[in-house]
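Turn these sequences into a full structure, and let the hints steer you where they fit.
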Amino acid sequence: MIQLQNITKLYKMGETTVTALDDVSLTINDGEFVAIVGPSGSGKSTLLHILSTLDRPTSGKIFWDDKDLTKLSDKKLAAFRNKKIGFVFQQFHLLAKTTVLENILLPTMYNNESNDECEKRAKEIAEDLGLTDRLFHTPAQLSGGQQQRVAIARALINNPDVIIADEPTGNLDSKSGEQILTILKDLNKKKKITLVIVTHDLDIAKRAARTVVVKDGKIVKN
Amino acid sequence: MRITGFFSLNNWRYILRTLAKNKIRSVLTALGIIIGVWSVIVLISIGNGLKEYVNEQFKSLGSNLIYVLPIADIQGGGFRQGAPMSVTEFEESDVRDLKKTPNVKSVLPVVAKNVAVSFQTKIESSEIAGSTEEIQGVMNVKISAGRFFNSAESNRGKKVVVLGGKIAEKLFGEQTAVDKKVKIDNQIFTVVGVAEKKGSGAGFGSDIDTHIYMPYKAVWKLLDKKLINSILLEAPDKESIAAVKSGAEKILAKKYKEDEFSVIESSELLGIIESVLGVFTVALTGIAAISLIVGGVGIMNVMFVSVKERTREIGLRKAVGAADSDILSQFLAESVILAVTGGIIGFLLALLTTLIIDRFFPAAVTIWSIFLSLSVSSLVGIIFGIAPARSASKLSPVEALRYE
Chain C
1 MIQLQNITKL YKMGETTVTA LDDVSLTIND GEFVAIVGPS GSGKSTLLHI
51 LSTLDRPTSG KIFWDDKDLT KLSDKKLAAF RNKKIGFVFQ QFHLLAKTTV
101 LENILLPTMY NNESNDECEK RAKEIAEDLG LTDRLFHTPA QLSGGQQQRV
151 AIARALINNP DVIIADEPTG NLDSKSGEQI LTILKDLNKK KKITLVIVTH
201 DLDIAKRAAR TVVVKDGKIV KN
Chain P
1 MRITGFFSLN NWRYILRTLA KNKIRSVLTA LGIIIGVWSV IVLISIGNGL
51 KEYVNEQFKS LGSNLIYVLP IADIQGGGFR QGAPMSVTEF EESDVRDLKK
101 TPNVKSVLPV VAKNVAVSFQ TKIESSEIAG STEEIQGVMN VKISAGRFFN
151 SAESNRGKKV VVLGGKIAEK LFGEQTAVDK KVKIDNQIFT VVGVAEKKGS
201 GAGFGSDIDT HIYMPYKAVW KLLDKKLINS ILLEAPDKES IAAVKSGAEK
251 ILAKKYKEDE FSVIESSELL GIIESVLGVF TVALTGIAAI SLIVGGVGIM
301 NVMFVSVKER TREIGLRKAV GAADSDILSQ FLAESVILAV TGGIIGFLLA
351 LLTTLIIDRF FPAAVTIWSI FLSLSVSSLV GIIFGIAPAR SASKLSPVEA
401 LRYE
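Just so you know, the sequences run in chain order C and P.
Note that the first sequence covers residues 1 to 222 in the working numbering.
Note that the second sequence covers residues 1 to 404 in the working numbering.
Among the clues, some could well be false.
[Claimed, not checked] Here are the simulated lysine-lysine pairs, DSS-like style, with alpha carbons at most 25 Å apart:
id, chain 1, residue 1, chain 2, residue 2
1, C, 67, C, 191
2, C, 71, P, 394
3, P, 308, C, 75
4, P, 21, C, 97
5, C, 83, P, 394
6, C, 61, P, 394
7, C, 97, P, 23
8, C, 221, C, 61
9, P, 308, C, 12
10, P, 105, P, 250
11, P, 166, P, 113
12, P, 308, C, 97
13, P, 158, P, 142
14, P, 166, P, 181
15, P, 254, P, 99
16, C, 123, C, 97
17, P, 394, C, 76
18, P, 142, P, 217
19, C, 75, P, 394
20, P, 394, C, 12
Calculated from the structure, these hints are not laboratory results.
Values in this document were obtained by computation on a predicted structure and should not be read as measured data.
This is the structure in structure tokens:
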């Protein structure tokens with residue numbers, strides 16, 4: 001379970017202070033599919049970044065299974081992300097001129113498992129996602145949908161508890177976007193992976209079990 | 001259990017591939033290090049080669065020699081700072097006086113001159129070593145053709161010469177030089193013998209195989225002046241050297257002031273020469289090392305550009321679990337690999353250059369210069385790579401992922 005308690009995030013822009021999040025509290029249960037929606041500048045991405053430990057709140061607490069993450073050092077947070085969280089980004093963020101297999105294996109560079117075990121698992125995941133015959137291709141040789149599938153495979157390689165997806169279909173056509181969403185939903189349903197998606201697309205939000213609406217740095221609907 | 005982070009195989013594979021992706025940029029970046037290491041190793045090799053050369057020269061001469069020089073204040077390992085160079089020239093009477101030195105085995109006057117020697121249409125430059133016939137034994141000159149000049153010829157100052165092996169070859173080729181006439185400074189000399197080549201040479205700074213031996217009185221006829229440049233004393237054994245040296249100093253002190261002459265053992269002279277060579281080597285090497293700094297700045301520059309280009313990659317790595325130290329070590333490793341590769345290439349080029357130089361001039365690469373090139377280039381890679389690596393590690397993952 002993920003708990004955000006009284007999270008505030010302030011940004012200093014010269015003389016001005018911008019409140020990106022204002023005393024936000026949120027609980028996400030294990031295995032939930034939550035969509036975070038809101039207009040541009042509402043603070044939904046900031047909420048996602050803090051939830052996923054990519055950023056630290058100015059004040060407030062974050063608990064993952066009763067563990068206070070705000071007390072962890074940057075190094076421990078990195079290790080935590082490596083084990084617990086898989087990321088899927090709008091822009092895929094694959095390493096160019098690196099093969100699909102190597103892209104999938106990227107998070108394993110920062111854990112202590114053997115190369116053979118990781119590679120075996122990577123191939124299994126690639127097979128589930130229909131990427132077996134693309135393992136030694138580079139991202140430039142893939143379509144947008146395939147690239148996002150590689151990103152999903154990368155997100156799954158360390159058996160995370162949670163997948164955080166920031167506008168995962170934002171750069172895809174509707175057909176590919178639908179495929180990606182189906183894959184993510186299946187992961188949530190079958191593998192019980194908690195799924196948190198940030199989106200501005202209400203159609204996608206409708207597919208989630210719960211929608212959190214963010215506006216002007218506050219949760220207005222949950 | 002797999003080694004992760006800095007030492008993981010995947011990390012090194014990725015780093016090498018990143019550098020190989022931009023081959024031209026990598027080579028140009030390493031060029032400063034290549035040139036720096038190359039020049040440092042070549043200069044050290046020349047310095048080493050010269051030291052070995054001088055050492056061999058003194059070995060072949062024997063260690064019982066004492067040099068009396070008209071140079072002021074040679075003490076210990078070098079010239080005394082601030083001491084003026086003397087303009088003393090010795091006289092025949094000094095040679096006679098020094099023969100009274102207790103325990104001395106031989107006393108030889110030495111007159112040296114750089115000359116042009118010609119035979120028919122061939123002209124070569126050479127250095128004359130003018131002395132008595134005893135110089136053959138003292139300098140261990142072996143004869144390959146003819147004979148050395150004798151005491152009668154020496155006493156009369158007869159215009160006879162013994163040519164060094166190389167100079168004879170250059171002037172006469174395959175034909176025999178003995179009994180031929182050569183012209184030195186427009187005066188005719190008869191060749192009585194040819195010395196065996198000593199290989200790398202055993203002379204005072206020049207190749208002894210190009211020397212010409214003649215009676216010192218014959219050199220006076222060339223100079224039109226009766227001067228003696230230096231006097232060579234030979235002690236009967238190692239144990240007598242100190243006593244002979246002291247005796248010679250006492251005799252000369254009766255006639256000359258302290259700053260008008262120096263009496264030094266061959267080991268001292270060797271020390272002086274090595275010290276001078278050492279200073280030159282260090283100075284030139286220091287100048288060459290400046291190019292290593294330039295090379296390091298080049299690496300730093302390119303690494304900063306690389307960090308900028310790969311900002312989103314850094315953000316991604318941090319998102320999936322890379323700690324600041326992982327990012328720092330990745331970029332530092334790239335910098336070190338560039339520098340060390342430059343060091344290895346620079347060393348190999350220096351090795352090749354030294355082999356070529358050694359055909360014309362003493363030069364020798366030592367085993368420790370391998371370690372020097374690797375360690376110095378690693379150090380340069382670390383020192384100049386740390387700033388860009390640190391800047392990469394401090395990037396915020398959120399901002400890095402957003403970077404356009």
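Quick rundown of the hints versus the structure:
no. : hint            : in the structure
1   : 67(C) x 191(C)  : 23 Å, holds
2   : 71(C) x 394(P)  : 19 Å, holds
3   : 308(P) x 75(C)  : 23 Å, holds
4   : 21(P) x 97(C)   : 9 Å, holds
5   : 83(C) x 394(P)  : 22 Å, holds
6   : 61(C) x 394(P)  : 24 Å, holds
7   : 97(C) x 23(P)   : 14 Å, holds
8   : 221(C) x 61(C)  : 21 Å, holds
9   : 308(P) x 12(C)  : 24 Å, holds
10  : 105(P) x 250(P) : 17 Å, holds
11  : 166(P) x 113(P) : 18 Å, holds
12  : 308(P) x 97(C)  : 18 Å, holds
13  : 158(P) x 142(P) : 21 Å, holds
14  : 166(P) x 181(P) : 17 Å, holds
15  : 254(P) x 99(P)  : 15 Å, holds
16  : 123(C) x 97(C)  : 19 Å, holds
17  : 394(P) x 76(C)  : 15 Å, holds
18  : 142(P) x 217(P) : 22 Å, holds
19  : 75(C) x 394(P)  : 12 Å, holds
20  : 394(P) x 12(C)  : 19 Å, holds
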